[in-house]
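*Asks:* Given chain W's structure and the hints, the job is docking chain Y onto it.
Chains as they are written, first to last, in the working numbering: chain W, 1 to 112; chain Y, 113 to 227.
If you're looking for bench data, these hints aren't it; they were derived computationally from the structure.
Among these hints, one or two may not hold up.
Stated by the list, open to error - Derived pair list, reagent style DSS-like, types lysine-lysine, alpha-carbon separation capped at 30 Å: (1) K42(W) to K125(Y); (2) K134(Y) to K42(W); (3) K42(W) to K56(W); (4) K56(W) to K109(W); (5) K56(W) to K2(W); (6) K134(Y) to K164(Y); (7) K42(W) to K109(W); (8) K169(Y) to K42(W); (9) K2(W) to K67(W); (10) K169(Y) to K2(W); (11) K134(Y) to K169(Y); (12) K169(Y) to K125(Y); (13) K67(W) to K56(W); (14) K56(W) to K127(Y); (15) K42(W) to K2(W); (16) K125(Y) to K164(Y); (17) K42(W) to K164(Y); (18) K2(W) to K109(W); (19) K127(Y) to K169(Y); (20) K125(Y) to K67(W); (21) K67(W) to K109(W).
To be verified - Take a look, some chain Y residues computed to stay more than 10 Å from chain W by CB distance: (22) K125; (23) K134; (24) I138; (25) D168; (26) G170; (27) E187; (28) N189; (29) S192; (30) L195; (31) L200; (32) R223; (33) L225; (34) V226.
Said to hold, decoys possible - If we take Cβ atoms under 10 Å as the criterion, some of the chain W residues that face chain Y in the derived model are: (35) L11; (36) K42; (37) L65; (38) A90; (39) G97; (40) K99.
The beta carbon of each residue, even a glycine, is placed where N, CA and C say it ideally should be.
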Amino acid sequence: QKEVEQNSGPLSVPEGAIASLNCTYSDRGSQSFFWYRQYSGKSPELIMFIYSNGDKEDGRFTAQLNKASQYVSLLIRDSQPSDSATYLCAVIVTGGGNKLTFGTGTQLKVEL
Amino acid sequence: AAGVIQSPRHLIKEKRETATLKCYPIPRHDTVYWYQQGPGQDPQFLISFYEKMQSDKGSIPDRFSAQQFSDYHSELNMSSLELGDSALYFCASRTGTSGPQETQYFGPGTRLLVL
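Next comes chain W alone, as it looks inside the complex (with noise of 0.2 Å):
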């Protein structure tokens, strides 16, 4: 089992939908979160951090993290063609070394 789960995808969603990511994860010792947006071909691009239960907003983003579940979120709203990506879940653990540890990534589509 791999430590930092998503579903592959592709997940499709019209314009001006909202899309919702979701990354599961085993270490129940992991403390910090982050979603990355990465295009074909490009390096990793950070969307959000989050560490503490509950939700985190910034701007059309929404993080939400439930450590009970080992359970985090990207919620976009208001999708457009250009968050079309594929976006990446990474997780630290603790005496991880503060190295990043990826899902697969969840490929997103924002269709017209």
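*Replies:* Okay, now just chain Y, sitting in the frame of chain W:
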């Protein structure tokens, strides 16, 4: 704002050759991470350095070595290259003083193709 710089951006090598990838972190960042991303794969952690010392080691082959220099730039040396080494290699940097919350910023990557 200054970003992480990686060079070269593209590299083509033959099997069994050597390659050196360079990473220049964001100014005042003292921690560097190297990740390898194969086609269709997620980035995999290779190795990290904090204040010029190796701080963590991941799935880095013995054929690879790395170091961080006094100016905090880092180099990843790859020898006896294999076809399977073809991948995107990312360097990320952060400050090492703020604990796990501090964000890692990724460079543009080096695309290595081994023929």
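*Asks:* Would you mind marking each hint as holding or not holding in the structure?
*Replies:* Against the structure, the hints:
Among the hinted pairs, K42(W) with K125(Y) is consistent with the structure: their alpha-carbon atoms are about 21 Å apart, no more than 30 Å. A C-alpha spacing of about 17 Å is found between K134(Y) and K42(W), which places the hinted pair at or below 30 Å, so the restraint holds. The hinted pair formed by K42(W) and K56(W) meets the criterion: a straight-line CA distance of about 26 Å does not exceed 30 Å. A hinted pair counts as satisfied when its Cα atoms are at most 30 Å apart, and K56(W) with K109(W) qualifies at roughly 23 Å.
For the proposed pair K56(W) and K2(W), the alpha carbon gap of about 26 Å is at most 30 Å, so the pair holds. With a CA separation close to 15 Å, the supplied pair K134(Y) and K164(Y) stays within the 30 Å bound. Restraint check for K42(W) and K109(W): the C-alpha separation of about 17 Å stays at or below 30 Å, so the hint holds. The suggested pairing of K169(Y) with K42(W) holds, with an alpha-carbon distance near 24 Å, which does not exceed 30 Å.
A hinted pair counts as satisfied when its Cα atoms are at most 30 Å apart, and K2(W) with K67(W) qualifies at roughly 17 Å. Among the hinted pairs, K169(Y) with K2(W) is consistent with the structure: their alpha-carbon atoms are about 18 Å apart, no more than 30 Å. Under the criterion of a C-alpha separation no larger than 30 Å, the hint pairing K134(Y) with K169(Y) is consistent with the structure, at around 18 Å. A C-alpha spacing of about 25 Å is found between K169(Y) and K125(Y), which places the hinted pair at or below 30 Å, so the restraint holds.
The suggested pairing of K67(W) with K56(W) holds, with an alpha-carbon distance near 14 Å, which does not exceed 30 Å. Distance restraint check for K56(W) and K127(Y): the Cα-Cα separation of roughly 47 Å exceeds the 30 Å cut-off, and the hinted pair is therefore not satisfied. Note on K42(W) and K2(W): the hinted pairing holds, with a Cα-Cα distance of about 24 Å set against a maximum of 30 Å. Annotation: proposed proximity of K125(Y) to K164(Y) holds, straight-line Cα distance about 28 Å (limit 30 Å).
The straight-line distance between the Cα atoms of K42(W) and K164(Y) is roughly 27 Å, inside the 30 Å bound, and the hint therefore holds. Distance restraint check for K2(W) and K109(W): the Cα-Cα separation of roughly 24 Å lies within the 30 Å cut-off, and the hinted pair is therefore satisfied. Annotation: proposed proximity of K127(Y) to K169(Y) holds, straight-line Cα distance about 25 Å (limit 30 Å). Between K125(Y) and K67(W) the alpha-carbon distance is near 45 Å, which puts this suggested pair outside the 30 Å criterion.
For the hint linking K67(W) to K109(W), the alpha-carbon distance of about 28 Å falls within 30 Å, and the restraint holds. No Cβ of chain W comes within 10 Å of the Cβ of K125(Y); the nearest lies about 19 Å off, and the non-interface call holds. Interface exclusion of K134(Y) from chain W stands, the closest Cβ pair being 15 Å apart, more than 10 Å. Every C-beta of chain W lies more than 10 Å from that of I138(Y), the closest at about 13 Å, which supports listing it as non-interface.
For D168(Y), the condition that its CB be more than 10 Å from all CB atoms of chain W is violated, with the nearest at approximately 3 Å. The beta carbon of G170(Y) sits about 6 Å from the closest Cβ of chain W, which is not more than 10 Å, so the claim that it is off the interface is violated. Residue-level check passed: E187(Y) sits 18 Å from the nearest beta carbon of chain W, beyond 10 Å. With a minimum CB-CB distance of about 20 Å to chain W, N189(Y) clears the 10 Å threshold, and the non-interface call stands.
For S192(Y), the non-interface assignment is confirmed: its Cβ lies about 25 Å from the closest Cβ of chain W, beyond the 10 Å cut-off. Non-interface status of L195(Y) relative to chain W is upheld: no Cβ of that chain comes within 10 Å, the nearest being about 19 Å off. Remark: the non-interface label on L200(Y) conflicts with the geometry, its nearest Cβ contact in chain W lying 8 Å away (cut-off 10 Å). Distance check for R223(Y) against chain W: the nearest CB is about 8 Å away, which does not clear 10 Å, and the non-interface claim fails.
Even its closest Cβ contact with chain W, about 13 Å, leaves L225(Y) beyond 10 Å, as expected for a residue assigned away from the interface. With a closest Cβ-Cβ approach of about 17 Å to chain W, V226(Y) is found to remain outside the 10 Å limit, as its non-interface label requires. For L11(W), the interface hint is violated, since its Cβ never comes within 10 Å of a Cβ in chain Y; the closest pair sits about 16 Å apart. Because the smallest distance between the Cβ of K42(W) and any Cβ of chain Y comes to about 7 Å, under 10 Å, the interface hint for this residue holds.
Checking L65(W) against chain Y: minimum C-beta separation of about 13 Å lies over 10 Å; hint violated. A hinted interface residue such as A90(W) counts as satisfied when its beta carbon comes closer than 10 Å to some beta carbon of chain Y; here the least separation is about 8 Å, so the hint holds. A cut of 10 Å between beta carbons decides the hint on G97(W): the least distance to chain Y is about 3 Å, and the hint holds. Because the closest C-beta pair between K99(W) and chain Y is about 4 Å apart, less than 10 Å, the hint holds.
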